Amino acid sequence: MIKFLLEKEFKQILRNSFLPRMIIAMPLMMMLVFPWAANQEIKNLRLSVVDNDHSTYSERLIQKIAASGYFNLTDVSVSNNEAMRSIETDRADIILEIQPDFEKNLIKEGTANVMILANAVNGMKGGLGTSYLSVILQDYAVEIRNEWKQAPEMAILPVINIVPQNRFNPHLDYKVFMVPAIMVTMLTLLCGFLPALNIVGEKEIGTIEQMNVTPVNKLTFILAKLIPYWIVGFLALSLCLTLAATVYGLIPVGRLTTLYLFASLYILVVSGFGLVVSNYSNTMQQAMFVMFFFIMIFILMSGLFTPISSMPQWAQNITAFNPLKYFIQVMRMVYLKGSGIADLTTQMVALCCFALFFNGWAVLSYRKSS
Amino acid sequence: MKEPVIYTENLTKKFGAFTAVDNISFSVDKGEIFGFLGANGAGKTTAMRMLCGLSHPTSGKGSVAGYDILKESEKVKKNIGYMSQKFSLYEDLKVWENIRLFGGIYGMESKRIASKTDEILDELGFLAERNTLVRELPLGWKQKLAFSVSIFHEPKVVFLDEPTGGVDPVTRRQFWELIYAATDRGITAFVTTHYMDEAEYCNRVSIMVDGKIEALDTPKNLKLQFEADSMDEVFQQLARKATRKGD
Amino acid sequence: MKQFLSFVKKEFFHIFRDTRTMMIILGIPIIQMLLFGFAITTEVRNVQVAVFDPSKDISTERIINQLDASNYFHIVQMLNNPDEISTIFKKDHNINLVVVFDEKFNENLLHTGEASIQLIADATDPNQATTLSGYATSIINSYQQELLQEYKIPIQIKPEVKMLYNPQIKSAYNFVPGVMGLIFMLICAMMTSISIVREKETGTMEILLASPMKPFYIIVAKAIPYFAISIVNLTTILLLSVYVLKVPVTGSFYSLIGISLLFIMVALSLGIFISTVAQTQVAAMLVSGMGMILPVMILSGMIFPIESMPVILQWVSDIIPAKWYISAVRKLMIQGLGITAVYRELVVLLGMLVFLVFVSLKNFKTRLN
Chain Z
222 MIKFLLEKEF
232 KQILRNSFLP
242 RMIIAMPLMM
252 MLVFPWAANQ
262 EIKNLRLSVV
272 DNDHSTYSER
282 LIQKIAASGY
292 FNLTDVSVSN
302 NEAMRSIETD
312 RADIILEIQP
322 DFEKNLIKEG
332 TANVMILANA
342 VNGMKGGLGT
352 SYLSVILQDY
362 AVEIRNEWKQ
372 APEMAILPVI
382 NIVPQNRFNP
392 HLDYKVFMVP
402 AIMVTMLTLL
412 CGFLPALNIV
422 GEKEIGTIEQ
432 MNVTPVNKLT
442 FILAKLIPYW
452 IVGFLALSLC
462 LTLAATVYGL
472 IPVGRLTTLY
482 LFASLYILVV
492 SGFGLVVSNY
502 SNTMQQAMFV
512 MFFFIMIFIL
522 MSGLFTPISS
532 MPQWAQNITA
542 FNPLKYFIQV
552 MRMVYLKGSG
562 IADLTTQMVA
572 LCCFALFFNG
582 WAVLSYRKSS
Chain H
874 MKEPVIYTEN
884 LTKKFGAFTA
894 VDNISFSVDK
904 GEIFGFLGAN
914 GAGKTTAMRM
924 LCGLSHPTSG
934 KGSVAGYDIL
944 KESEKVKKNI
954 GYMSQKFSLY
964 EDLKVWENIR
974 LFGGIYGMES
984 KRIASKTDEI
994 LDELGFLAER
1004 NTLVRELPLG
1014 WKQKLAFSVS
1024 IFHEPKVVFL
1034 DEPTGGVDPV
1044 TRRQFWELIY
1054 AATDRGITAF
1064 VTTHYMDEAE
1074 YCNRVSIMVD
1084 GKIEALDTPK
1094 NLKLQFEADS
1104 MDEVFQQLAR
1114 KATRKGD
Chain L
2 MKQFLSFVKK
12 EFFHIFRDTR
22 TMMIILGIPI
32 IQMLLFGFAI
42 TTEVRNVQVA
52 VFDPSKDIST
62 ERIINQLDAS
72 NYFHIVQMLN
82 NPDEISTIFK
92 KDHNINLVVV
102 FDEKFNENLL
112 HTGEASIQLI
122 ADATDPNQAT
132 TLSGYATSII
142 NSYQQELLQE
152 YKIPIQIKPE
162 VKMLYNPQIK
172 SAYNFVPGVM
182 GLIFMLICAM
192 MTSISIVREK
202 ETGTMEILLA
212 SPMKPFYIIV
222 AKAIPYFAIS
232 IVNLTTILLL
242 SVYVLKVPVT
252 GSFYSLIGIS
262 LLFIMVALSL
272 GIFISTVAQT
282 QVAAMLVSGM
292 GMILPVMILS
302 GMIFPIESMP
312 VILQWVSDII
322 PAKWYISAVR
332 KLMIQGLGIT
342 AVYRELVVLL
352 GMLVFLVFVS
362 LKNFKTRLN
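Protein chains in written order, with our numbering: chain Z, 222 to 591; chain H, 874 to 1120; chain L, 2 to 370.
One should not assume that every hint holds.
When the alpha-carbon atoms are kept at most 30 Å apart in a straight line, the in silico DSS-like pairs for lysine-lysine are as follows [as the list claims (entries may be wrong)]: (1) Lys984/H to Lys224/Z; (2) Lys91/L to Lys967/H; (3) Lys1029/H to Lys439/Z; (4) Lys232/Z to Lys984/H; (5) Lys439/Z to Lys948/H; (6) Lys232/Z to Lys959/H; (7) Lys951/H to Lys589/Z; (8) Lys11/L to Lys959/H; (9) Lys171/L to Lys424/Z; (10) Lys105/L to Lys57/L; (11) Lys1114/H to Lys951/H; (12) Lys163/L to Lys285/Z; (13) Lys887/H to Lys589/Z; (14) Lys1114/H to Lys887/H; (15) Lys1085/H to Lys589/Z; (16) Lys967/H to Lys439/Z; (17) Lys396/Z to Lys92/L; (18) Lys424/Z to Lys967/H; (19) Lys1114/H to Lys424/Z; (20) Lys589/Z to Lys1029/H; (21) Lys1015/H to Lys589/Z; (22) Lys589/Z to Lys934/H; (23) Lys1114/H to Lys589/Z; (24) Lys439/Z to Lys1015/H; (25) Lys951/H to Lys1029/H; (26) Lys396/Z to Lys57/L; (27) Lys232/Z to Lys989/H; (28) Lys264/Z to Lys171/L; (29) Lys396/Z to Lys105/L; (30) Lys201/L to Lys232/Z; (31) Lys57/L to Lys92/L; (32) Lys1029/H to Lys1114/H.
With beta-carbon atoms standing in for the labels, derived distance ranges [as the list claims (entries may be wrong)]: (33) Arg366/Z to Asp319/L: 43 to 49 Å; (34) Gly980/H to Val360/L: 25 to 31 Å; (35) Arg985/H to Asn364/L: 51 to 57 Å; (36) Glu330/Z to Glu108/L: 31 to 37 Å.
Covered, in the sense of this in silico footprint (three residues per stretch, anywhere, with C-beta under 8 Å from a C-beta of chain Z), are these stretches of chain L [unchecked claim]: (37) 13–27; (38) 106–114; (39) 247–256; (40) 272–281.
To be clear, the hints were calculated from the coordinates, so they are not data collected in a lab. The model shown is predicted, which means the values in this text are computed figures rather than measured ones. For every residue, glycine included, the Cβ atom is placed at its ideal position computed from N, Cα and C.
Only chain Z is shown next, with the shape it has when bound in the complex:
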């Protein structure tokens, strides 16, 4: 019997005027646009320098900053007020004020003060900007110190040599971080919203009643709704994987089979969730809003672009019930670190539970009679 129902679902999807287009367009758009836009990489910070010293050392410092590549030196202001104006009018993100006796203090006293003022409305931008700038200042001090080091009385200074190493994403490319997670978001939207709108759609048109007077059992009916989106999800995912490889040169370090295995589980989870919402909704508008509401929370609390470990404990506890979180972890770990199934048992168990829970609920909450 399910054969006939599946035939129907596929024909309806293919014959729809925008569904097939959307199934292709959405992964394309999300994969081609989002990684560029959804980028928290802080670059091209605009720096305004107020040089109150006008000395050789202060000018050398400015040149060093300009050469660092982290900052766009927008202007060298004459006064502190003028620099503040450029922050207020959004022409600069950060100000470096070099005090009047910078060179003199540095050489005579051994220490000189500078002032860093950062626009911290976006806290991360302000934070990273000041820390980049501080590093450059440190380096500059060491540079000068080395020039003066000839002095023999400075025997052995205990110096800790810090060697930072960035694993898995050595070029610190934000796109590498986002691309695997964007695939998850795409699958969530596609395989969550479409099934949710599907059953409500049949309710609104009235064809569902015709199904309800037939002997089709609930499980068969739900399966016939699930399987097409499962396949749609697979196609969309494959498209994404291809785009990731060709456009971003991102090839999973781990096995493709691991990715597909987890994806097949995950699609079941979101489609099941969509069907549950659809069972409880009377109109498409309602289904859409309920889906939007939950998926928004799922996405925000998934660690997609903010670290989960920074959340307060209560919020971290809530994320235990967020299927997106697990699949994003899986995608990033398989893609970048090459984790295998054995490393991902927690996620596997969690996703299995979600799949059973939502689909079981979908079957139980689908009512053939009132």
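Chains H and L: place on chain Z using the hints.
Then chains H and L, alone, in the frame of chain Z:
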């Protein structure tokens, strides 16, 4: 005694404080065309939905095709056909695809479906429309097709909820010929309708007012009983008693 | 006028009847504000750290203690051999940093003057990696400073850092304006377009158009309830922001309200515009969902800084009304600037409003004829 195909006893459906169907009892025999009349809001559709297993009765009992509508509703569903006032074929599927879908749902073999599809399309004169999307058919054609689909699996009973709403008299006449052909084969037809002339085509007619069955007999006897010339007059006399507002 | 009012009343009734949707409309701002205020943060805190320390001497012990004592790090595991370093990242996504000390760390430090620490960061999230390496470096440096107390080191530059507008670096300061932009877009544009298209789809629009009321007023009457709901939401957001999230309105309160009302009207006219173009509810939903909500979330600067985007996307972001609104709210609310600072945003939004009203009226008229 022959067992009736549809049988109800004190069947009642309440929605909160509102009693949509109030203690109705009747029975329908095999091969009969049973007309189920009533003003809008009288409770016809609710009663029919209970018989089809779409709605649980609040109290009372009933059976359709020999199965209890409370306990064996899925078995009931195997043995009935249903066509509702809301047109219920898939508009985005072709004619043959709709037939195949519903045939398949009732467990028919693909081969059997294919051969029977030809027969039915031939009878309806729709052979040329085999590959047409249902949405492109005129309303009258859609309804004839929907009826044929609802009896495609040879059910014991077919429920027709205002099947001829909005079509012209000629098509309505053709539609009733299809019903006669089906009942000749032993299928029982349970029809709700607005059109009083159609009531005359039924073997027996029941008239519902405010959730209760106020009259039940052959059209001829009803006219005698109410001293009326037409079913329309009978209906008007009864409907005047209604206190419930239609929708 | 009386007729118009009764019509508006009917629209209100219509919306309030769907309690589920209503609860979501009023609930979304609350949930979003609370999530962005308390749960979601771009700050780096409580990062789980593993340590490989073959020396186990006084210096390494003190550095480890200082790392663990900070708010940023939480040392959860001591590794026993260097092979575990690469496997631990694969197994445990929670561990984001491994600190590796040299052998004979203290001895080297005191005698040769040089000892190394490797900071191996999981750079899957590049910002987190950069930030946490930076924090670890400064903690280690301060330990080094302690050691250097005895020696007098020449040549130091001491930066004094001042975080403007947001001294505690709370993420909420950045997110609140974004949430405002998103909510109004969602409620005004999306809801309005769907509700008008639904009337078209079910055919009730024809009946309304046949009534003696002017079509223009019919549309206005449909928009009024959403305008009212938006004002309720604006109030909720501002109250939550000031009293719960402690993000104050530092600039002119009235300018903020003024520009918010302007933006709400832009969003409403956008919704009406979509409704004149879309034929079906699904189309209206998809146009507003895919064409507005996603771009607002991604391209408006709500979460992701616009200046990090490629130039083409920066241009695209210019046609998104929410971008201008969010930028204006940041200036007025967070930076405490006056209305003069947002003239540009004001002019752009006004222009968009005029354009949208003009185009929808034109569309609406041609459809009627």
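Checked hints:
no. : hint                             : in the structure
1   : Lys984/H to Lys224/Z             : 14 Å, holds
2   : Lys91/L to Lys967/H              : 53 Å, violated
3   : Lys1029/H to Lys439/Z            : 23 Å, holds
4   : Lys232/Z to Lys984/H             : 20 Å, holds
5   : Lys439/Z to Lys948/H             : 14 Å, holds
6   : Lys232/Z to Lys959/H             : 22 Å, holds
7   : Lys951/H to Lys589/Z             : 14 Å, holds
8   : Lys11/L to Lys959/H              : 27 Å, holds
9   : Lys171/L to Lys424/Z             : 46 Å, violated
10  : Lys105/L to Lys57/L              : 8 Å, holds
11  : Lys1114/H to Lys951/H            : 38 Å, violated
12  : Lys163/L to Lys285/Z             : 22 Å, holds
13  : Lys887/H to Lys589/Z             : 18 Å, holds
14  : Lys1114/H to Lys887/H            : 21 Å, holds
15  : Lys1085/H to Lys589/Z            : 26 Å, holds
16  : Lys967/H to Lys439/Z             : 25 Å, holds
17  : Lys396/Z to Lys92/L              : 23 Å, holds
18  : Lys424/Z to Lys967/H             : 20 Å, holds
19  : Lys1114/H to Lys424/Z            : 35 Å, violated
20  : Lys589/Z to Lys1029/H            : 21 Å, holds
21  : Lys1015/H to Lys589/Z            : 25 Å, holds
22  : Lys589/Z to Lys934/H             : 19 Å, holds
23  : Lys1114/H to Lys589/Z            : 35 Å, violated
24  : Lys439/Z to Lys1015/H            : 28 Å, holds
25  : Lys951/H to Lys1029/H            : 9 Å, holds
26  : Lys396/Z to Lys57/L              : 39 Å, violated
27  : Lys232/Z to Lys989/H             : 22 Å, holds
28  : Lys264/Z to Lys171/L             : 21 Å, holds
29  : Lys396/Z to Lys105/L             : 40 Å, violated
30  : Lys201/L to Lys232/Z             : 27 Å, holds
31  : Lys57/L to Lys92/L               : 26 Å, holds
32  : Lys1029/H to Lys1114/H           : 35 Å, violated
33  : Arg366/Z to Asp319/L: 43 to 49 Å : 47 Å, holds
34  : Gly980/H to Val360/L: 25 to 31 Å : 56 Å, violated
35  : Arg985/H to Asn364/L: 51 to 57 Å : 53 Å, holds
36  : Glu330/Z to Glu108/L: 31 to 37 Å : 34 Å, holds
37  : 13–27                            : holds (count 5)
38  : 106–114                          : holds (count 5)
39  : 247–256                          : violated (count 0)
40  : 272–281                          : violated (count 0)
Of the numbered hints stated above, those contradicted by the structure are hints 2, 9, 11, 19, 23, 26, 29, 32, 34, 39, 40, listed in ascending order.
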